[in-house]
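Here the protein sequences come in this chain order: A and B. Count the first sequence with the working numbering and you get residues 120 to 459, in order. Count the second sequence with the working numbering and you get residues 102 to 514, in order.
If you're looking for bench data, these hints aren't it; they were derived computationally from the structure. The C-beta atom is built at its ideal place from N, Cα and C for all residues, glycine as well. Hints are supplied without guarantee of correctness; some may be wrong.
Footprint (simulated), chain A over chain B, 3 or more residues, beta carbon under 8 Å [to be verified]: (1) 131 to 142; (2) 164 to 177; (3) 182 to 190; (4) 206 to 217; (5) 319 to 333.
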Amino acid sequence: MVANVETLDDFLKTQVLDPWKGPKKVPAAEYFTSGHRTCQGCESAQLMKLMAKAGGPRSIILGSTGCMYVANTTYYSTPWAVPWMHTQLGSSGSAATGTVAALRAMMRKGKMKKEPINVIAVCGDGGGADMGLSAISAALQHTHYNLLILLYDNESYANTDIQVSGSSPYGANSTFSTPGKVKRIMNKRWKKNTAAMLAAGHPDVRYVSTVCTAYPVDAMNSVRRALTIGGPTFVHSLDPCPKGWDYDPKFSHELGELAVETGIWPLYEVEEGQLRMIGRSKRIVEGQFKRKPVREYLRRQGRFAHFIDEDIEYFQKKIDDMWEKWLIPGVIPFAGKLNP
Amino acid sequence: MSPKTATARNPDKPRDTGEHEELISGSEAIAHACRLADVDVITAYPIRPYDTVMQYVAGMISNGDFDCEYIVAESEHSQFEIVKHASAVGARVFVGSSGVGWFYAFEALAVTAGLRLPMVAMVGNRALDDPGAFGVEHNDALAVRDLGWMLCWVETAQEALDTALIAYRVAEDTRVRLPCAISCDGAFLTHSQAIVKVPSQKMVDSFLPPYDRGDKQLHPDNPITIAPQANEDWLMEMRKQNDMAARRARGVIIEAYEDLNKKFGRGGEPFIERYMMEDAEIALVGMGTLAMPVKVAVRKMRAQGKKVGFVRVRWFRPFPTIELQDALKGVKAVGVIDRDYGFGSGFHSGVLANELRAALYPSKNRPKIASFIAGLGGREVTADNVVEITGLTRDAGNGKLDDQDTIWIGVRE
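So here's chain A without its partners, still in its complex pose:
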């Protein structure tokens, strides 16, 4: 056994996955196929399909406990045509780290054929923004490990009966935060700003983005960029959830668009330390698109049915602040100047 002095090339080699220019350029091959039992209109299942397509066949997917585990993989059936392994609720960061560590060690020592393999760990908002945050943060510090953490955010613990998470929006009705006669609003927490927090807190991470399945080609290209750029990366997707948000499944796509158009869900990417707003969010910042009132988004969902005008006004004010008062609109909340 002789110690191996690694060169930069050894650990920064990734697959080269160029962006697809439009839906017609996207190949037909699917790696997330039939064999799952997700709900009708489930945007997280849509995200899995897009992610698997974007990564292609030489990928390993790790799935932490959540909807995309319980509803996707029922023993004796699997939708995954690429290798997939369950990991614990708080372990998406650890699963990716361990998988990459094994591939690196075994390839370096000649125990496995050398090739770039995509390693993607997916987690829900409970697994990612709540329980698994510390392991994701640790994974993002391994700057020589090529891995992607993909957070599918349906804004509740949706597989266990819709319980409030740190990523649930203010006031949302959940089975753990039910509006009642005395306490109309039980979830008084504002949604955690996970992607920006991770980007700001891990400046060596070369790619962090937010996506929404309402914009599928952008979402796939974001995954491809994250897998190509090298090092640990993070993609946060907002996934409308008919069951948890309480709307007709046919409106999933529309609600995704509304989340962006109302400014509730800003789309951006931080690549090599450079922030870029994407699509409609970019047009909002540039003043070319006027944000729609949040009322249009909130009133479409049963989870906000108990909102009175006062609640909607509060929500609107918080969103206005995001775009008008934050240091970087929709991304970094610190206001003010260092040398006033």
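On the provided structure of chain A, position chain B as indicated by the hints.
Chain B in isolation, oriented as in the chain A frame:
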């Protein structure tokens, strides 16, 4: 405590021509085993006293003596989850913890056994918080005793090194595929040095085959789905497979000790050590470094003509029921010394005493069993304590002492 960095290669004693002797601690002995086993992925997280092994590992890697992916995790939960996933990809892994650190990883410990992944861990046994004592108690490792982990306790640094090699061989055997934890008593073994015969790479390679996951490997060439959701329609069959693996481990462990004895000229009897048990009327039973004062006391009492012997339990899982029934047949009374507790358990005994009671129940002419709790939190168990325990055990054998209770030794009332 800062251990010296890993021993650099000595040109006068080339590694591959034979084993060499070194004055090392139990932790360093395990680190040598990791190097010799060519472990691929190791994760560390600091907690005393196990952490010394990772200090030695880090030294070996940074000095170029050992090539593996070495990750300092952000918690024990991540520490164990990382190696769990590395193991699924086909990497040989090593990990470890102590006390509440081991408990912080408890979820990962459960799923690792459920997944039949051959993780090898060192537990530097330590009292559980609170209060936060550093000293040895066995309740940490024992907590996983029913989950599918193989558990062994070692007495010396030499045994620690050899047992780590056995652990990889047994855990990775396709007939077993279960994780294995090697318990090293905190301070008494993790931090105490002794002369250890460090085997050569050639010797280890002749004993330990490479880890090959075959068609269970998680890799794009083998696109399997591991650990999907299974409910009442399949879970019981899966649990039964774990049970069969745990049963098969027994034979594989015996094979490993036979081969180790043949190739290394040491290793002894698998599962238990019998110390001065010929014609013994009173037998003491315990685990780990407790053996040292017990052996001293047994020799002393034998010199006085007292027929006392000692059985050291080396493997707790699989539990050596057959060996213990055999070793203890014919004795009048058995005194079990637990370095752990079982609050509210039957007879208020420690874990070992109650396991032994169950194991001996079907025996003909089963002996009286007296149960003792001693040495908690790293308190020293002296030879005098052992003589006292022996006297009380004799009393239990003669009916002069209630054998349906447990006596705490060396404790202030």
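The hints, checked one at a time:
no. : hint       : result
1   : 131 to 142 : holds (count 4)
2   : 164 to 177 : holds (count 10)
3   : 182 to 190 : holds (count 9)
4   : 206 to 217 : holds (count 3)
5   : 319 to 333 : holds (count 13)
The structure shown violates none of the earlier numbered hints.
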